[in-house]
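J.: Going down the list, the protein sequences come from chains X and D. Everything in the first sequence is counted per our numbering, starting at 9 for the first residue and increasing by one. Everything in the second sequence is counted per our numbering, starting at 684 for the first residue and increasing by one.
Quick caveat, the hints were computed from the structure, so don't treat them as lab data. Incorrect hints may have been included.
Said to hold, decoys possible - Cβ-Cβ distance ranges computed for the label pairs, FRET-style:
hint: 1; chain 1: D; residue 1: ALA771; chain 2: X; residue 2: THR86; range: 20 to 30 Å
hint: 2; chain 1: X; residue 1: GLY109; chain 2: D; residue 2: PHE728; range: 21 to 31 Å
hint: 3; chain 1: D; residue 1: GLY1082; chain 2: X; residue 2: TYR88; range: 33 to 43 Å
hint: 4; chain 1: D; residue 1: TRP736; chain 2: X; residue 2: TYR56; range: 17 to 27 Å
hint: 5; chain 1: D; residue 1: VAL1077; chain 2: X; residue 2: TYR56; range: 19 to 29 Å
Just so we're clear, the structure is a prediction, and the values are computed from it rather than from any experiment. Glycine included, each C-beta is placed from N, C-alpha and C at the ideal position.
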Amino acid sequence: MKLGGFEELVLLAIGSLGDDAYGVTIKEILKEKTGKNPSVGALHSALYRLEEKEFVKTREGGATAERGGRRKKYYQLTAYGLKMLQETNELRMSFAQNIPGLSIKTQE
Amino acid sequence: MSKQNKPPKLAQELLHSFLKDELLEEVLGDLEEKLEVESKKRSLFRAKLNYWWQVLHYFRPFAFRKTQKTHQLMLFRNYLKVAFRLFAREKSFSLINVFGLAVGIACSLFILLWVQDELQYNAFLDSGDRVCNVLNREFQTNGEVNTYRYSSYNLKAVLEEEYPIVEQATIMSNGNWMAFELDHNLVEWAGVDASPEFFEVFEVPIMKGHTSKMFDDPYTLAISSSFAETYFGSDWQSKDIVGTVMVNDRDETYELVAVYEDLPPKSTLSASFVVPFANRIIQRPNLTSWRNSSSQLYVKLIKDVSLIDANDYMVNSIMDHRSGDYENRREVFLQPFEDMYLFNRYENGTITGGRIEYVRLLSFAAIFVLILASINFMNLTTARATRRAKETGVRKVLGALKGHLRIQFLTESVLLTAFSVLLAVLIVWLMAPYFGELVNKEFEWSFTWKMLLFIPVFILSQGILSGVYPAFFLSSLKVISSLKSGMATPQKHNGLRKALVVFQFVITLVLIVGALTVYQQVEYIRTKNIGLDRSNVIRSYIYDMTPMDCETYRTELLKKPGIENVSMVTQLAIDVKNATSGIGWEGKQPGDRLEFYHMDVDPWFIPTMKIEMALGRNFDSRITADTLNYIINETAARQMGLVDPIGKSMNMWGQKGKIIGMVKDFHNASLHSAIEPLILRYNMHNLWMVLARSKPGQDQDALTSLEAVFKDYSPARTFWYRYVDELYDSQYKSELMIRDLSWCFTVVAIVISLLGLLALVAYSAERRRKEVGIRKVLGATVSDIMKLLSSEYMLLLTIAMVVAFPLAYFAMSDWLNGFVYHIDLGWWLFAMAGLLTLLLALGIISLKISKLANSNPVGYLRDE
């Protein structure tokens, strides 16, 4: 199963948001980290694909007034999704290590 | 949340309309939350704008709602699957159904092709509605009105100069044959003498040269491109051929001034060359007389003039301008060039029809056959569908709506129609050459984009039309009754089906009677004793012979093997075309101006054609005075009012003589018209047609002899010959074609009706199995059962006959009245048609029923 570039970003965002990953927060964090502002439609399309590929699972959350009484749909990484992220990450690292002058910083 | 922060309604509705249900709540929620945030961060307007922007971004394939469509598609797939299973399960039934419809459609397609071809005749002019043929009608003293397609040369100038509604006019001869030498052979070409406006009136493109010179010089010539190709080779276009001097067989020289594109083949016009009409006038100065009306005159009207107005305006153009003493009124009227091919019959001075009648007749037949096939299809589908009541019942129980069932049945009928149409197209494609032979046309069957568009439309409409009744009938069945019995047979629908069967047989019977009548009439025509013996007579031609030449030609022929007798004439006796009113006779009333047909003959014409003398004697070659004498036929004597014509004096165009004989009437025109009054004149100048009677069984010898003598006299020419009885038959080309076509139609109609009957009987036999079983157990014999089951259909057939026979009688009497000489519609014709249908139907019925009647009732009484 392949993972597209934007899909990977979304997957990373979901992972980093933990329990609070739903449409609006995912969009916010993507905007904050990448500086680009994806449309909700594009985001949803990616989320939909990720769900189809079983990288994420969903649960329904509580309704809030600011949503007009509608329920949220929370996204969460599946084990498979996590494995996928790991694999892509390792692949990158294995390349990056061999590039002279490229320093790899990791946050503790 | 504040009231103003409500998201735009329209955008929300838009989302509702297309977004997947499972996405809807989430998306609406996300968007509204975002709106709230945005409106706080920026303005409300910006937030709403953004909302719209985001909504529009949901136009992505993943987000669209698909549920309804996929359901329908799934159902549709199921319909198709069930349809194919049904097809496989009831192969013979389905095949009958498809085949019946396919034959019907193929038949109609053929007729459509034919009609289309007929309608293309003379339809090649851009200003076709303005080009008209000038016709004449002459009022005879005996009350008859004769119509002529020919006018006087003088009329052209009158119309051009005095009638401003005439933009252009052209006059042309009926034809001109010229032979030109090519590689030491004389090749004959058929052309016309026409005034040079011909090319403009008939929009003939000039490929080389100019026609303007034809106005000034009568010895000029324009030729068609195929003429040019034969004469100058295929590279004629690169040669400098304009100005070539061409010498014909009569040693006349013509300067070639132009080459024009070949005239369209589907046209009443044909000319391989055009010579100025002025040339013809030099050769026949009497053409410039008002008395001579033998040229075809065409006019092109100015724009926006109605035909009626033009007719009113021009009606007196002859009367107002001719001078001299004429008793008979002669009027002018116009016929559009486009109509000339299809409307070629005139009665009492008006256009009454002609070939168009056959076009209409066949179109009707085609429509009827199509209706027949559709009814058949409907009947079969309904009959079969009632057996599927259980399926319908189950579908209904599972929640199918009436609409669903209707769509299912319509799908099936469209599918079957599609198969039929494809089969029909295949049939047409394979059979087109044979059909073309039948109607003397060449059909090229090519798939045009129009056809590709037409076929699906036709399949859909035909499929829906023939499927709509079964669809509505079946979908309206009660669930309980259909589930209980597995059959559904409301009585009223049976009634309709019976009515449809009756209707089918009415059409079939009318067609059978029609075909029999046409066959009888054509046989009558072909075998009728027309007063002369047309068998074993060969017609050939002679060129430029003096009376002395003619006699030696004849003597030489008689010396050769196979020749029984020879005569030379100016007209084919079975189709005399020349008529004149310039006849005087003893006892003629001053006001009498009757038309007489006339032909010039030699003294051997009467014995050669075996025409019987009623009174008097034949011409005698030893009596020189006979060249001034006349022989008339009985009709002529009657019209002249002469009881004993022999010895009465008579004159033709002022040449005084005596009537020395009267021949018994023979048919000198087609059987459509009455025998015309005829005058024979002994005149051996200008004879050009040889009628040679061969000894019985020695056709081949006679032909060899004829060709040998012909080649002695005209070595460079081609020997052309035709058998006179062939020429006789060719007068009835349309009738022969109609005879063959009506047989085809009848066979198709019979086949379709019988197929329908077969399936219906099979169906009802199956339905009444139990009844038959019980009857048999109670002691009914096989013949009782046969009677029981077939009586219903016999009744239907009888009703069909009662309806069909009067219809057929009226239709066919009308057709026969188009012939002055025709057969009577005898009762036996109807008896034969009825008997034939009855026997075939009985055969089909008993074939199906006997199996049931003879079977052991135990088999189907077992379960209850």
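J.: Decide, hint by hint, whether the structure agrees.
T.: Here is how each hint holds up against the structure:
no.	hint	verdict
1	D:ALA771 x X:THR86: 20 to 30 Å	47 Å, violated
2	X:GLY109 x D:PHE728: 21 to 31 Å	50 Å, violated
3	D:GLY1082 x X:TYR88: 33 to 43 Å	39 Å, holds
4	D:TRP736 x X:TYR56: 17 to 27 Å	19 Å, holds
5	D:VAL1077 x X:TYR56: 19 to 29 Å	38 Å, violated
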